[in-house]
Structures are given as C-alpha cells and as structure tokens.
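Based on the hints, put chains B and C in the right spot on chain A.
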Amino acid sequence: MLKIKLSELPILFDALSAKNKLYIPSDTKGGARFLPYENGMKLTKELNTVRSPKDLFFPQTENLMDFKLEGKKIEVIDTREECEDFVIFGVRACDVRSFEVLDRVFLSEPIDTYYKNRREHGVIVSLACNRPEETCFCSTFDIDCANPEGDVASYICGDEMYFEPLTEKGSELLLGLSCLSEGSEAPVYECKRNIYEIKSKLPLSTLSAEKFGKDMMEYFNSDKWDELSEACLGCGTCTFVCPTCQCYDIKDFDTGNGIKRFRCWDSCMYSDFTKMAHGNPRVSQKERFRQRFMHKLVYYPMNNDGLFSCVGCGRCLSKCPISMNIVKVMKKLGEGKDE
Amino acid sequence: MQMVNNEFKPKIVAFCCNWCSYAGADLAGTNRLQYPAEVKIIRVPCSCRVNPMFILRAFQRGADGVIICGCHPGDCHYTTGNYYARRRMTLLFSMLDFLGIEKERTRLEWVSAAEGQKFASTMNDFVKTVTELGENKRLEDLRCKK
Amino acid sequence: MQEMMKKKAIELLQSGEVARVLGWKKGEFDYDITPAVFESVEEIEKEFIYNSLCSPNLSKYLVKESRKEGKTLIFLKPCDSYSLSQLITEHRVIREYVYAVGIECYGKTDADTIKQKGIKGITRITENDGVLNIETLYGNEKVPVYEVLRERCVNCKSKKHPVYDELIGEEGEMVDDCERFDEVAKIEAMTPEERFAFFRNELSRCIRCNACRNVCPACTCEKCVFDNDASGIAQKAASDSFEENMFHIIRAFHVAGRCTDCGECSRVCPQNIPLHLLNRKFIKDINELYGNYHAGENIGNRSPLTDYTQNDAEPNIVYERGGKNNA
Chain A
308 MLKIKLSELP
318 ILFDALSAKN
328 KLYIPSDTKG
338 GARFLPYENG
348 MKLTKELNTV
358 RSPKDLFFPQ
368 TENLMDFKLE
378 GKKIEVIDTR
388 EECEDFVIFG
398 VRACDVRSFE
408 VLDRVFLSEP
418 IDTYYKNRRE
428 HGVIVSLACN
438 RPEETCFCST
448 FDIDCANPEG
458 DVASYICGDE
468 MYFEPLTEKG
478 SELLLGLSCL
488 SEGSEAPVYE
498 CKRNIYEIKS
508 KLPLSTLSAE
518 KFGKDMMEYF
528 NSDKWDELSE
538 ACLGCGTCTF
548 VCPTCQCYDI
558 KDFDTGNGIK
568 RFRCWDSCMY
578 SDFTKMAHGN
588 PRVSQKERFR
598 QRFMHKLVYY
608 PMNNDGLFSC
618 VGCGRCLSKC
628 PISMNIVKVM
638 KKLGEGKDE
Chain B
465 MQMVNNEFKP
475 KIVAFCCNWC
485 SYAGADLAGT
495 NRLQYPAEVK
505 IIRVPCSCRV
515 NPMFILRAFQ
525 RGADGVIICG
535 CHPGDCHYTT
545 GNYYARRRMT
555 LLFSMLDFLG
565 IEKERTRLEW
575 VSAAEGQKFA
585 STMNDFVKTV
595 TELGENKRLE
605 DLRCKK
Chain C
431 MQEMMKKKAI
441 ELLQSGEVAR
451 VLGWKKGEFD
461 YDITPAVFES
471 VEEIEKEFIY
481 NSLCSPNLSK
491 YLVKESRKEG
501 KTLIFLKPCD
511 SYSLSQLITE
521 HRVIREYVYA
531 VGIECYGKTD
541 ADTIKQKGIK
551 GITRITENDG
561 VLNIETLYGN
571 EKVPVYEVLR
581 ERCVNCKSKK
591 HPVYDELIGE
601 EGEMVDDCER
611 FDEVAKIEAM
621 TPEERFAFFR
631 NELSRCIRCN
641 ACRNVCPACT
651 CEKCVFDNDA
661 SGIAQKAASD
671 SFEENMFHII
681 RAFHVAGRCT
691 DCGECSRVCP
701 QNIPLHLLNR
711 KFIKDINELY
721 GNYHAGENIG
731 NRSPLTDYTQ
741 NDAEPNIVYE
751 RGGKNNA
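Chains as they are written, first to last, in my numbering: chain A, 308 to 646; chain B, 465 to 610; chain C, 431 to 757.
Hint data in this document are derived by calculation from the structure and do not stem from the laboratory. From a predicted model like this one, the values you see are computed outputs, not experimental measurements. Watch out, some of these pointers could steer you wrong.
With a straight-line Cα cutoff of 35 Å, these simulated DSBU-like cross-link-like pairs (lysine-lysine) come out [unchecked claim]: (1) Lys572/C with Lys589/C; (2) Lys582/A with Lys498/C; (3) Lys379/A with Lys610/B; (4) Lys531/A with Lys653/C; (5) Lys380/A with Lys610/B; (6) Lys714/C with Lys638/A; (7) Lys501/C with Lys593/A; (8) Lys714/C with Lys475/B; (9) Lys475/B with Lys375/A; (10) Lys550/C with Lys518/A.
The following block holds chain A by itself, in its conformation from the complex:
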C-alpha cells in the first residue's frame, strides 16, 4: 500500500503527466469530466463525471480512413497511428466494469483495432466511492464500489490517498514515484467499512437483476413497454452518458478535396438508427425504447455469460430529461414475475 497526502496530489499528477498523458476527472461548467491534465487542474469532488470515461477508448467521433480521388483512381489512406501511453485517474468501480463490457464487443473477433490500440495503451487508476449517491446501484451487478478493479486501486482516507497496484501495468506505473510513501492498510480497511455502511443504506441496494438475462420472448412481448416508453422523447441522452452503450454509425464526409470516413456514437433511440434501404426496422419509439433495455438486460447477458451491459452508475437516472430510466424499467418489468 502506497500513500500520499491529498494536499500533495498535484505533485503526483505532475509526475504522472511527465511520463504519460494523464486524464483526471475535473470540474467544468457542465459538471465533472475526464480532461487531459494540465498544471493546476484539481480532482473533482463530484462522485462521477457526466460523460463516462468510455470516450477515452471509444471516442464520440473518430476518423477511420481517408480517400483521395484523382480522376478515376481512388487512393485509400490509412490514418491509424500507434496511440501513446496514457493514464486515466479516478475511475469509479462501475466505470471500470464498463470497460469489460466494451471489451467483449470490441475485442472479440473481428477485433476492432482502433479500440484495441487505445485499450492496450491505457492504464486505469480506479477510485473507491466514499460517498455513493441514491442513484447508485452497482451492487445490483455485483460491483463493489469499495473494492474497485483496474490497474491500480486508490482510496481516499481522511486527508490521505492510498494506492494498491492490482496488475503488472499498475505496479509499473507506481514504480519510482518518489512522492509516494509506504502506508499501513488499516486506514483503507476503515475507509471500506464506512463505504459498506453507507452502501447498505442506499435506496436501490435491494434492486436485483436476477430476473433478467433470460426469458427473451416473454420480456419482448410484455405489454408494459407501452406505458414505460410513452413519455420517451427519443433523445440520446441516456445512450451518450452511458458507459456501456457501444453502438456506432460509420459515415463518409465529403470534404470537397477527398472523403473522410469516420465513425460516431449512435443511439438506438434515434429514428435513423440502423437505417436500411427500407427505413428503420424499429418504426415506433416504443420499439426503439424496448431495444435499448432489452439489449442491456436480456440480449447482452444471454450472449455474454450473464454479464449485464449495465453497471449501475446512475448517469441515466440523473440525466434523463423525463426521468425514465433502467431502474424504473427493471422494477416495472420484474413486477409480478416469478423468479
């Protein structure tokens, strides 16, 4: 266990950013956000960022390749570059789990080389949640916010921060950081004990996902979708703040002197999602709404050994313009259903 005084955190940030690109969650006018560290930037006091850290591995838009046209010749230009090493500091346990959800999509055959490139070069320093909020329900998906995963786990205990390397990458990161000193484990135990105490009081601590990940057709045909989706605006807020949503669209942009092929996040809530020659296969908002939650709660776990594609971070709970969210869906769908 290594430690540093909270007041000396800037020294650690400076040391880390001297070696690698460093991202820390910091406050902006629009809430906390993972930003490239610059001298003087402070770690946020917010529990979580508005946008999840997924865009550091899977950015909202990214250029895939360029085309140049000359006469009848088309030249394809590979724009990929080897990513430099970077560190993401202060990732919450739920968001760490979200990387596993993304990995299963992007790192299974055919491997997404754009994602893999970033994923391999990123080191994750997670941070335990001292003050979870009412919108948290990570325990529903067996995530322990007092024992976050990642390459290095960190804990804030009083006016000190403790670090525990969990992987080889993590040990390597902490190696030779002279600003860190040896610390005992007792304060971290105390910190975890406090977290568990609050966790047991969280209003959503009893929410269970046991009923999901099976009975596909029963859920699909449920008559509750009408009521659940009636107020849905069809915006993409839930999708874009979600750490596990990974759908994207690929488009060509005509720059006037060539073509840029890029991909960008897409949302199943949009009317032109998976649009084909005949239109969107899901014509109504109810069908689009159902798709999002069926994917998270039923399709994904059925295809991925029971791993849900929700991590209980609570972002959609606090950001949905009309306050419809996965917790309400789970409770309503689970109502009156046998185990």
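For chains B and C alone, coordinates are given in the frame of chain A:
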C-alpha cells in the same frame, strides 16, 4: 514587379437573385466593369430562397465571406420575397455576431438589373473588407481545409 | 393543489368529457417525475403528482395525444400554456380535442438545481409551505423553493395562461420587471473575441444528444433536417466545432419567432449549456427591431418572421448596434 504569391485571396460566395442582382452582375460584365474573380456567384430564384443553412454551408466549405443580393425592397419579382429575406438575414447576422463570428463576413445588398456599377463596387468593397479580416477561422470546418 | 387537480381529472374522466389525462407521475425517488398519460381513475389516484418539482412542459405531448380518439385533459403551467397556444396557432394541435386546465405556478425546481447546491444522496424530498425538506444519506437539509428555482423561473416572464378552458388557482399577469434579457445584454456588451470564447466554451460541451430539440414544443417537424440523410447535413455527432455551431444556430433560428421561451432546452441539457440564451437573443432582437412580440400570447398571431413591413431595418443595423467592434 511580381506579386507576392502567398497574398491572401478570400473566397467569396454571392447569392444573387435571378431577376435583379444576377442581371446586375451580367450588366457589370457586359459593361466590362472590374470586380474580383474571387467572387463566386450562385443564382437563386429570389433572395428569400437563401436559407441560413446555405450561408453556414458556404462558410463550412471554405468561404471567407458570404453576400446576398436581391431586388430593391418593393421591386421583388415575387412582390414580397426580399422583405422576408431582410428580416431573416438581419436576425441571422445578428446571431452570428452574438456568437462572436465577425459580422463583416456577411452582407445583404439590394442590386437592381440596371445597377451594374453598384454590383461591381459592392463586390470590390466587400472583397476589400473580407481581405482585411483575413481567413475565416471562427466558422471553418477543419476537415474541409486542404 | 394536487388534490384539486386529481379531483378535477377524475371528475372529467368519469363524466366522459375527456378520454385521457396528461399529467405528472411519481417516480422512484421524490424528484424523478415523469410526464404521463392517465386513462383510469385508479392510475390517477395512485400515481398522479403535482408539486414544485413538476418541471416538464407537457404541451408537446399533445401533438401525439390529441390525435387519438376523444379529448385529452392537460394541466398547464403558464409557460406550458404559451407553448400550447403556439402549437394551436401552428395547427399542430387541434383546439377542440384538448381540455386545458390552467394551474397557477410559483416557479419550479428540479433535482439538477438542488444537486448543484451540493446536496447529494437525496433519499426523500417533502414540501411544506414553500420549503423543501430534503433528507439525504449524509444528513438533512431545509431549502426554500425560491433558492433553488430554475433560471427560467427566477426570470419568470408571465403568470398568465393564454389558453385554457378552466383554471385552478389564481390567474396571474405578465411580469413587467422580468429581467430575462439581462444575461443576453451582458454578452452583447462583450467584444467579439470574448463572445466567441464564451460560446465556444459552452457549445463545445454539446454531446449532440438532441434532448434540446426533442423536448422543444416548437420543434415538431416530422423529420428534422439533422436526421434526414438526404439533406446532406444529417449528423449524429459533431465531428468538428463547425458542426456544433451549425446545429445550435439552425436549431435556434428555426424556432425564432415561435419560441415561447419556456426554457425546456436548458433544463434538459445534460451538459448545462445555457441554450435559452440563443433563443432569447432572437426574441430580444425581434422585440427591438420589429416591436414587442411574445410567441403564444394570442392564438393566431403572425410570427415576425412570416411578416414584414416596408420600413424594416436593413441588416447593416447589426454593424452599428450592440457589441463592440473588432478593433
């Protein structure tokens, strides 16, 4: 004496209404009045055909200035088109200004079919203004840059 | 208030005067209130709610609901009532299919505003005499509603209902000393460089979730140009700062002269972008150039952008007024 090669030459898009201003540009041509070759004319049926998107798209694709020319108020071929255009463009230009985009890059002028002289002088003046402003940086799309 | 509204809804539903009721529904916590359509007395008795946290504007739902069989009862705060009036003017909602009940409003708050005060881990909110008792995981707080009002309510423009069949509570008046344009004027007084930096900082946070567009009661196109592949400008994410600007300019321009300034766009923005500033800039310009105009004030009013006078100001007025020059 050789001109300096890297001298900034702005790209100007001029939306001209079919009935007055386009004919005005024609007249400027037949009268051999000089106006800069950087002005690219796009003919539209009426000045009110110009949608804010046209203007933004022109900037996106590399224009440094956009000018809209229509019939004088009261002379619109469709009676009232330019009155609507006037309100729309006033509000749009004001919004661009509000967002901090140089207001001098946009302009609306009334040029009749008989005003070849005015067309040429307007264009000369506009090109001069935009040249002084330099390249459009605030409303550019980096992807469209060569 | 809530009880009176419930009673009214049940009465009209039972008499067959209306087929459904548009209102607000309780959520998981006390603050996550969802717009809802109630079709039975049981639903209303169990789930209908009205309090200081009922922020969402319901009028846009009428575009869909009023196309159904029978009348729809809608509860309207003054803001929402302006939106409905504008929707009727634009023939997006047919007046005969709506039973509008105006309700008085002293300003709304929501979880976002409360949380921005640093109150986190909210487990319960009750309201008593204009004071919110907030229980959290980390202690209890008492906050008067007026301290956590949304910006649009702090700068409330009107407590009047331009359209209603019936009123619950007192009818108010337009607010004379409303200061809603102050912020716009402050920005106008900056230099272009400052304005550019200000809006870049704001608009660059946009994640293009389209919530501002989808919640807007004035945005009722069947297919938005930004969703239409054939338009050539469809975009799902801003790939360049230009696209951020373009989306927001066009969004605001398209509702110019029709925006009732209900403030929903800023309320729903997950990134807290003050989108209402763009709309208000248009309203302020319209007021100054073409005379005071308030969209939705009267049904059938002609929007300033579909109107003209022969003596309108020329666009070069923009060069002369407001903001400092580049130099």
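Worksheet item: Taking 35 Å as the top limit, are the C-alpha atoms of Lys582/A and Lys498/C close enough?
Response: 28 Å, holds
Worksheet item: Has the given pair, Lys501/C with Lys593/A, been kept, meaning a C-alpha gap of at most 35 Å?
Response: Given pair Lys501/C, Lys593/A holds - Cα atoms ~23 Å apart, limit 35 Å.
Worksheet item: Taken at face value, is the distance from the CA of Lys518/A to the CA of Lys550/C at most 35 Å?
Response: 30 Å, holds
Fill in: Distance restraint between Lys714/C and Lys638/A, which requires alpha-carbon spacing of 35 Å or less
46 Å, violated
Item to complete: With a cut-off of 35 Å on the C-alpha distance, tell me whether Lys531/A and Lys653/C pass.
Response: 27 Å, holds
Worksheet item: Holds or violated: Lys475/B with Lys375/A, Cα cutoff 35 Å?
Response: 23 Å, holds
Practice prompt. Sort out whether Lys475/B lies within 35 Å of Lys714/C, counting only the CA atoms.
Written response: With Cα atoms ~33 Å apart, Lys714/C and Lys475/B stay inside 35 Å; holds.
Fill in: Pair hint Lys379/A and Lys610/B, alpha-carbon separation not exceeding 35 Å
20 Å, holds
Practice prompt. Mind checking the alpha carbons of Lys380/A and Lys610/B for me, to see if they're no more than 35 Å apart?
Written response: With a Cα-Cα distance of about 19 Å, the restraint between Lys380/A and Lys610/B holds, given a limit of 35 Å.
Discussion item. For Lys572/C and Lys589/C, compute the direct alpha-carbon distance and say whether it is at most 35 Å.
Written reply: 27 Å, holds
Comparing the model with each earlier hint shows a violation of hint 6 alone; every other hint is respected.
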